[in-house]
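Participant: Residue-level listing of the chains:
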Amino acid sequence: MRQASTILSIDTPGRGFTDITRAMAEWVAQAGIEEGLLTLLCRHTSASLLIQENAAREVRVDLAAWLDRLAPEGAHYMHDDEGPDDMPAHLKATLTGVNLQIPVIDGGMALGTWQGIYLAEHRQKPHRREIAVHLIGA
Amino acid sequence: MRQASTILSIDTPGRGFTDITRAMAEWVAQAGIEEGLLTLLCRHTSASLLIQENAAREVRVDLAAWLDRLAPEGAHYMHDDEGPDDMPAHLKATLTGVNLQIPVIDGGMALGTWQGIYLAEHRQKPHRREIAVHLIGA
Amino acid sequence: MRQASTILSIDTPGRGFTDITRAMAEWVAQAGIEEGLLTLLCRHTSASLLIQENAAREVRVDLAAWLDRLAPEGAHYMHDDEGPDDMPAHLKATLTGVNLQIPVIDGGMALGTWQGIYLAEHRQKPHRREIAVHLIGA
Numbered sequence: 118m119r120q121a122s123t124i125l126s127i128d129t130p131g132r133g134f135t136d137i138t139r140a141m142a143e144w145v146a147q148a149g150i151e152e153g154l155l156t157l158l159c160r161h162t163s164a165s166l167l168i169q170e171n172a173a174r175e176v177r178v179d180l181a182a183w184l185d186r187l188a189p190e191g192a193h194y195m196h197d198d199e200g201p202d203d204m205p206a207h208l209k210a211t212l213t214g215v216n217l218q219i220p221v222i223d224g225g226m227a228l229g230t231w232q233g234i235y236l237a238e239h240r241q242k243p244h245r246r247e248i249a250v251h252l253i254g255a
Numbered sequence: 118m119r120q121a122s123t124i125l126s127i128d129t130p131g132r133g134f135t136d137i138t139r140a141m142a143e144w145v146a147q148a149g150i151e152e153g154l155l156t157l158l159c160r161h162t163s164a165s166l167l168i169q170e171n172a173a174r175e176v177r178v179d180l181a182a183w184l185d186r187l188a189p190e191g192a193h194y195m196h197d198d199e200g201p202d203d204m205p206a207h208l209k210a211t212l213t214g215v216n217l218q219i220p221v222i223d224g225g226m227a228l229g230t231w232q233g234i235y236l237a238e239h240r241q242k243p244h245r246r247e248i249a250v251h252l253i254g255a
Numbered sequence: 118m119r120q121a122s123t124i125l126s127i128d129t130p131g132r133g134f135t136d137i138t139r140a141m142a143e144w145v146a147q148a149g150i151e152e153g154l155l156t157l158l159c160r161h162t163s164a165s166l167l168i169q170e171n172a173a174r175e176v177r178v179d180l181a182a183w184l185d186r187l188a189p190e191g192a193h194y195m196h197d198d199e200g201p202d203d204m205p206a207h208l209k210a211t212l213t214g215v216n217l218q219i220p221v222i223d224g225g226m227a228l229g230t231w232q233g234i235y236l237a238e239h240r241q242k243p244h245r246r247e248i249a250v251h252l253i254g255a
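Residue numbers (my numbering), protein chains in the order written: chain A, 118 to 255; chain B, 118 to 255; chain C, 118 to 255.
What the hints contain is simulated information worked out from the structure, not anything from laboratory work. Just to be clear, a hint being listed does not mean it is correct.
Have a look at the derived ranges for each label pair, beta carbon to beta carbon [claimed, not checked]: (1) T135/B to A192/C: 44 to 50 Å; (2) V178/A to R186/B: 17 to 23 Å; (3) T135/A to L125/C: 30 to 36 Å.
Glycine included, every Cβ here is placed at the ideal spot set by N, Cα and C.
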């Protein structure tokens, strides 16, 4: 049984979803684990991680619009030190979550055919985001 | 330290919650792990996994109605290729999440007394769903 | 490779967020694991776990108010055996989730600078809550 871990840095272009599926697949492949467990932790409170549809781009457009409706910008937040998009970003990160776990089976991530791994940036401006990555297996 | 993993297939009867607690408990028991970590990944983007109340059926009825209010069907989605229940299903799966992790202690899942594990089907029609399952421990 | 696991009991003062970051850091430190994976499971369906901003208290005030807007108390729930705050508590626990995973790197939890671990109590009254904790690594 072995482990591998790293801190991955990803530059986001501002609000939206960055596909990190290939980056994670390559990292798992070079670790040489046939069976195991991959864990991701987004080290921020206004960005998050999710697994969603990787084919139809419209799903991510609708998802962003829906998050905006559930956590709109506005004057009713106490916390607005960093601007009107700050508190909504914390709420969207809470809803989607900062953790993902993916079993590794037969040397690859056991994702479904239509599943992609996304880093969700909830702030308007570009940010450098860090993801703690851990893999255990054999 | 050992590992076990599998892909579990589950037929859902359409929209609603399928209790998979017993199936998971049996799979953990036959693996013979006394202490470890169980991980589940739902391999779909319009179905999801959650842990909720296993006694009062009304909780699941209220939960389904609440998800309908937060992610209603309607004409305001760009993505509707597969019907009006498709995009709301992606949103509900995002809110509830596709991952669960359950510590195994003293040979069994360390769930609370009132906790059950549910596969949530968010599409109207029955589907065959797959869950990637991973267990590590000793 | 080694494991450690325990059931942690925490008394909440009623609705709100209890910071358990230091308790978890101390537990990880005494386990003497340099690289590994920490998993938490809240063993309840009306309390939950989340990672959020640890500096500005206003973020948690806004978060609580937002959860109240998304899952308000009211007469439209079927499940109200335990009072008007019961079903909203189940919904808030579903949105935030009962699981957290934190990679351990260089002997400590790989949290971001501004991240704290919170036990979220969604019932009005104080409760004793249990968290199943699992650590694997070397």
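Participant: All hints, please: hold or fail.
Facilitator: Evaluated hints:
1. Under the hint 44 to 50 Å, the C-beta atoms of T135/B and A192/C, about 29 Å apart, miss the expected range.
2. The supplied range of 17 to 23 Å is met by V178/A and R186/B, whose beta-carbon atoms lie about 22 Å from each other.
3. Distance hint for T135/A and L125/C: a CB-CB separation of about 35 Å, consistent with the stated range 30 to 36 Å.
Checked against the numbered hints given earlier, the structure breaks only hint 1 and satisfies all the rest.
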